[in-house]
Amino acid sequence: PPEPFVFFSPRPVTELDAAATTLQKVYKSYRTRRNLADCAVLVEELWWKTLDAAALKLSSVSFFEEEKHETAVSKWARARKRAAKVGKGLSKDEKAQKLALQHWLEAI
Numbered sequence: 001p002p003e004p005f006v007f008f009s010p011r012p013v014t015e016l017d018a019a020a021t022t023l024q025k026v027y028k029s030y031r032t033r034r035n036l037a038d039c040a041v042l043v044e045e046l047w048w049k050t051l052d053a054a055a056l057k058l059s060s061v062s063f064f065e066e067e068k069h070e071t072a073v074s075k076w077a078r079a080r081k082r083a084a085k086v087g088k089g090l091s092k093d094e095k096a097q098k099l100a101l102q103h104w105l106e107a108i
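Using this note's numbering, read the sequence shown as starting at 1 and increasing by one per residue.
Note that these hints are calculated values from the structure, not bench results.
We put the CB at the ideal spot given by N, CA and C, even for glycine.
Among these hints, one or two may not hold up.
[To be verified] Below 25 Å or equal to it, Euclidean Cα-Cα: the simulated BS3-like pairs (lysine-lysine) are:
1) LYS75 - LYS49
2) LYS81 - LYS57
3) LYS49 - LYS98
4) LYS57 - LYS75
5) LYS75 - LYS28
6) LYS49 - LYS81
7) LYS95 - LYS81
8) LYS57 - LYS28
[Unchecked claim] Beta-carbon label-pair distances, calculated as ranges:
9) PRO4 - GLU44: 45 to 51 Å
10) THR71 - LYS28: 57 to 63 Å
11) ALA53 - GLU15: 23 to 29 Å
12) LEU56 - LYS25: 42 to 48 Å
13) TRP48 - HIS69: 38 to 44 Å
14) LYS98 - ASN35: 15 to 21 Å
15) ALA53 - SER29: 34 to 40 Å
16) VAL6 - LYS49: 56 to 62 Å
Could you put the whole structure together from the sequences, leaning on the hints where they help?
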């Protein structure tokens with residue numbers, strides 16, 4: 001069996017321990033910042049989904065409500081809102097791809 005490697009340093013052991021502790025704290029704070037950044041992205045995405053759902057609910061017409069009549073203007077407004085949402089997912093995907101690339105580059 002190979003013999004364990006013994007590390008000798010001209011510095012005192014307390015200084016080496018302090019350096020190791022500092023390194024661990026820096027890594028832990030880095031990891032915490034990364035986790036918080038990921039949470040911020042998720043919160044922003046959920047916020048936009050909630051706003052989109054609320055806008056869709058406001059612009060939707062229920063066929064069970066006889067009091068609410070839909071005019072041609074409201075039909076076109078609803079169609080415009082839905083058409084605007086078609087390209088929305090692509091830009092969010094690009095942002096997610098950039099974020100994933102940034103995380104990957106930081107991990108290297």
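* Asked: What are the numbers of the hints that this structure violates, sorted from low to high?
  -> 5, 8, 11, 13
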